[in-house]
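The listed protein sequences correspond, in order, to chains Z and G.
Each number in the working numbering comes from the position in the first sequence (counting from 1) with 1056 added on.
Each number in the working numbering comes from the position in the second sequence (counting from 1) with 1056 added on.
Keep in mind that the hints were calculated from the coordinates and are not lab data.
Keep in mind that a hint or two might mislead.
Stated by the list, open to error - Not everything, but these chain Z residues come out facing chain G in the computed CB check (under 10 Å):
| id | residue |
| --- | --- |
| 1 | Pro1150 |
| 2 | Asp1158 |
| 3 | Arg1179 |
Glycine included, every Cβ here is placed at the ideal spot set by N, Cα and C.
Number of protein chains: 2
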Amino acid sequence: MKKSIAIDMDNVIVDIETNWINWYEREFGVKIDKKELLGIPEDDAFPDPVAARSLIYKTGFFRNAPIIDGAQEALLKLQENFDIFIVSAAMEFPNSLPEKYDWLNEHFPFISWKNIVFCGDKRIIDTDYLIDDHLKNLDFCKGTPILFTASHNVNVTKHKRVNNWEEALALLEAEN
Amino acid sequence: MKKSIAIDMDNVIVDIETNWINWYEREFGVKIDKKELLGIPEDDAFPDPVAARSLIYKTGFFRNAPIIDGAQEALLKLQENFDIFIVSAAMEFPNSLPEKYDWLNEHFPFISWKNIVFCGDKRIIDTDYLIDDHLKNLDFCKGTPILFTASHNVNVTKHKRVNNWEEALALLEAEN
């Protein structure tokens, strides 16, 4: 039987950081340099965190986000040897549910609806690996946690880290 | 730590059978007796299965479905001693995602978004119990399967069966 991998969306296959920076500039006229986000919790990384958070609830925020470099090619390759599941804690933002579904359909048409999970707490997800940018998910997962680098987690020293999809692919192909 | 229970939506807390019968009558003018559904796969239970299936994609089909008798009271009671997760294979019908979320918010406001899972295949869900009406979910679940009676599964002889929420509550409270 193939080993299974749960793959988070935001900051792992969806470039939500760039998206957030773009929306913040467009809505509030302030351009944030990505370097300013380093090591800071996502909510606090913008000059006005409440305004930044309000963007998450806007129509189109999730639907039009760019893709993380190399994610498409990596998942296509990994799918040859692993069962790939997209597991997003989308339930916190119910407006994101159809947008995230449509986004996946556009960018990852080779992922079946059977392999998509929108949840809240990821503790009940049981896969051999979890690739995620948040300790709140990685610390409690049932399989092997893999930390995917995002600005907010650069100072985290727990868990095996991958900085991009090239590294993730190399790590997982070596495990197979 | 509390034991966890994954609870399916359609035919377990949502009376999708009654809903389907009502919609079929309203849209096609044919009233089906519930007895005609006994032991027949859901898709084949109506005179025109294709027409019946088309109803699933209509706006409001999931949002306005009635609740299964006793589900609210039972879940409120079970929540005292168990971690309750609502786990619905909603991903097959993406139009249902926001409707199912809103339905849960209306009828089960005491279930946190953290405890809601919309997925495709339930194999990666790891809870101590799964209450479901479908063998495709129960046969592969990681915990103890509990078959909740629906018309289509009356002839199934596998798994522990409960006929209603009164029986489910009695069974689970005895396990605690």
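Please list, smallest to largest, the hint numbers that this structure does not respect.
none
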